[in-house]
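Construct all of the structure, not just a fragment, from the sequences and the given hints.
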Amino acid sequence: MKKLLAIILSAAIALSLAACGGGGQSASGPPELASDEPLTGEITVSAFESIFAQNFLLEAAALFEERHPGTKVNIETFSAMPEMRTARIEGGGQGRGQISLVQIEDDPQARTDYINRISASLMGGGGPDILAMDVLPIRHFARSGFLEDLSAYMEADSDFNRDDFRTNIFDAAQFDGGLWFVPLDYSFDIHVFDSTLIPAAQAAAFGPSNAFSLAGLMEIGEGLYDGSAPLFNQPEFIAFGGPAGRRGGMFRSLLRDDFERFVDLENRTAHFNDGRFAELLTSIRENAERGLFPAAIGGAPDIEEIMQIRQEQPTERVFFKTNPSMMLRMDFMCGLLEGRMMIGGEMGAITDDDQIAGIAADNAGNVPFNFTQGYAINSNSQNKRLAWEFIKFLLSEEMQTSAASPMVGTPIRLSAVQAQAEMFFSGGLLGGQPGQMTPELEAAMHSYLEAHRQMADQINTFPFRDTVIDDMITTEVALFFDGTKSAEEVATSLQSRVGLYLSE
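If you count by the numbering used here, then the sequence shown holds residues 1 to 504, one letter each, in order.
A few of these clues could be false.
[Said to hold, decoys possible] Simulated restraints on C-beta separations:
{"no.": "1", "residue 1": "E504", "residue 2": "P463", "range": "35 to 41 angstroms"}
{"no.": "2", "residue 1": "G124", "residue 2": "E42", "range": "17 to 23 angstroms"}
{"no.": "3", "residue 1": "C334", "residue 2": "S415", "range": "22 to 28 angstroms"}
{"no.": "4", "residue 1": "Q202", "residue 2": "P463", "range": "24 to 30 angstroms"}
{"no.": "5", "residue 1": "R276", "residue 2": "E42", "range": "50 to 56 angstroms"}
If you are wondering where the hints come from, they were derived from the structure by calculation, not from laboratory data.
Positions of the beta carbon are idealized from the N, C-alpha and C atoms, including for glycine.
Next comes the structure, spelled out in structure tokens:
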């Protein structure tokens, strides 16, 4: 079934690890990387998600082959390229301008088939030389010995300088003493607040150098809530969108902040039937009924509904909003570019008085990141030196600032961050010429870069998750929010389903 989603949403991931058991070879360590011998040979890069990877990888492969005669880089992508649909929204207010959406055919079976195919090839001693970790299980593959420790490659390569990159992202992505994939970009969630609703005493604790969990903001908001405006902009539950998108709404965010309370991936145990999960669901429903956030959204809107939402002038204020970090650029550009581009968001609300509350943290105080593109080297590769050199090329300033990059996240190379910001603030994505900015836009850009830096400096973890479990949870929880099952019935079902899965 086809769904229309905002472009920042990724397709839902369906993992099947039953066919991904042990049998992998141990990572053999980096090859001789300081060799003066020219690069030769052929490698294959495999990615499932075409929308974010295909054009970028094809451009990179062509440039790399041109600079290294005697090499061949094959690019494989498997998901169907979606249809891009754009429309011009006329009229006043924040909804005007151009809106772009993608029409994605949701095909979880194709993703499952891809994962099983890659798993089988790895266990058989083969597989692509470079793996895009877009839908693949990173932790499982690394612990099965299928992936190279890229921190060892970085240390062994005298031409690679970690200080050229945001190193806390590398540090956050490590586990079991190694770095098993390299993210090309990173993103995070930010909390903002309406300064007309939050008194100065509470607002003094906010700012880009701070981090807050949703539970922490809830505690602050409870003392201020008088029924005049919702506390949060996210509905209690959203039935559409992928795990990496907005699917799940407030439930998704609250679960993410305390996931290990219910699922212990390290010890492969589930904890849904001790009353706490049912209590979480019940409290979300009760808070929605009180008006703290909107009610659940059950189905994916079609393009006409989305256009109407974008065209209507928002009239409601909200105490707190949670947005993806790419929206931070839009916040600093507000009112300075004609035809401001609007992306994402679950409900209309006034944003003119919004200020940064802080970066999103989990309940333990850790600050996570996500990525759009991340790559690993197959331990079975017969040309690991060439594979590493190609990954290094993907990390080069040239490719980190390429127009073929999806530009959803922030480049991990430090020197590319300002170049990306200049593209946005100059109007380069809206028909302008990059680098041609008014003094007001230039000042806004530097304010954005400083705020972004303060928030990104706090990142210290990566939420390794099992999307099979994520899909089980979301499917079951939807039955609670549509009234089919009680909270206790959902918890019991999840304990059985997730417990069985983890015991396999």
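Going down the list of hints, with the structure as the test:
Hint check: E504 to P463, Cβ distance near 22 angstroms, so the stated range 35 to 41 angstroms is violated. A hinted range of 17 to 23 angstroms holds for the C-beta pair G124 and E42, which are about 19 angstroms apart. The hinted window of 22 to 28 angstroms between C334 and S415 holds, with their beta carbons roughly 27 angstroms apart. Between Q202 and P463 the Cβ separation comes to about 28 angstroms, which falls inside the hinted range of 24 to 30 angstroms.
Between R276 and E42, the C-beta spacing of about 53 angstroms keeps the proposed range 50 to 56 angstroms intact.
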